[in-house]
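Since chain A is already given, all that's left is putting chain B on it; use the hints.
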Amino acid sequence: LAKTTQPISMDSYEGQEVNITCSHNNIATNDYITWYQQFPSQGPRFIIQGYKTKVTNEVASLFIPADRKSSTLSLPRVSLSDTAVYYCLVGDRGAGNMLTFGGGTRLMVKP
Amino acid sequence: GAVVSQHPSRVICKSGTSVKIECRSLDFQATTMFWYRQFPKQSLMLMATSNEGSKATYEQGVEKDKFLINHASLTLSTLTVTSAHPEDSSFYICSAPDRGGSSYEQYFGPGTRLTVT
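Sequence order for the protein chains is A and B.
Numbering follows our numbering, in which position 36 of the first sequence is assigned residue number 36; successive positions increment by one, without gaps.
Numbering follows our numbering, in which position 34 of the second sequence is assigned residue number 34; successive positions increment by one, without gaps.
This is chain A alone, in the form it adopts within the complex (with noise of 0.2 Å):
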């Protein structure tokens, strides 16, 4: 499985906007990339998903370059309810596939 880095904590502000990238060097051509969010006390969910180039969706934007060595998830005008814990996996979407949690980036949001 490819490991992910990311970096351990981020600060922001209400209203800004976001980006945190995650290191995935080593992944392989079947692997997508999967962004998961958990606050203290609850089980993960789930973001945002892709393989390639940009998804957008009404919470985010997952952004991948064309070596997919990377990608970067950005949160548009966070709140601070968006305070968390963002996990970056990579993966394998074959049946059974299990997820190996990196250490994530705690994000928190001031005032």
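Rather than coming from a laboratory, the hints here were simulated on the basis of the structure.
Built from N, CA and C at the ideal position, the CB exists for glycine as well.
Please note that a few of the clues may not be correct.
Derived CB-CB ranges, DEER-like [to be verified]:
id	chain 1	residue 1	chain 2	residue 2	range
1	B	Ser-43	A	Asn-30	20 to 28 Å
2	A	Asn-30	B	Gln-60	17 to 25 Å
3	A	Asp-11	B	Val-3	30 to 38 Å
Leaving out everything else, chain B in the frame of chain A:
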């Protein structure tokens, strides 16, 4: 999206007793479920893969005789912590993949906080 539930959400038990944690997929079938453990301020660590109709697969370093897993049906997996000790106190989370539709997502339960006294 799909929903995964866990029960109980919080349990306190005495050292030496056993505790059972249930993980259910509420609106989809899951032939595979995963069990994770998370200590404070740490990431999730995969413990085992629960397979419906067959034995669970345990990650290296996880004692299969201590953490018993039973995947009784396509919507239920249970994790039993046998002879629990204070060092087993942790946050236990299950997940299940929903392979329906065009997106492949893992859905996580809300977690179970186990405290062993």
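Here's how the hints hold up against the structure:
| no. | hint | in the structure |
| --- | --- | --- |
| 1 | B:Ser-43 x A:Asn-30: 20 to 28 Å | holds (24 Å) |
| 2 | A:Asn-30 x B:Gln-60: 17 to 25 Å | holds (24 Å) |
| 3 | A:Asp-11 x B:Val-3: 30 to 38 Å | holds (33 Å) |
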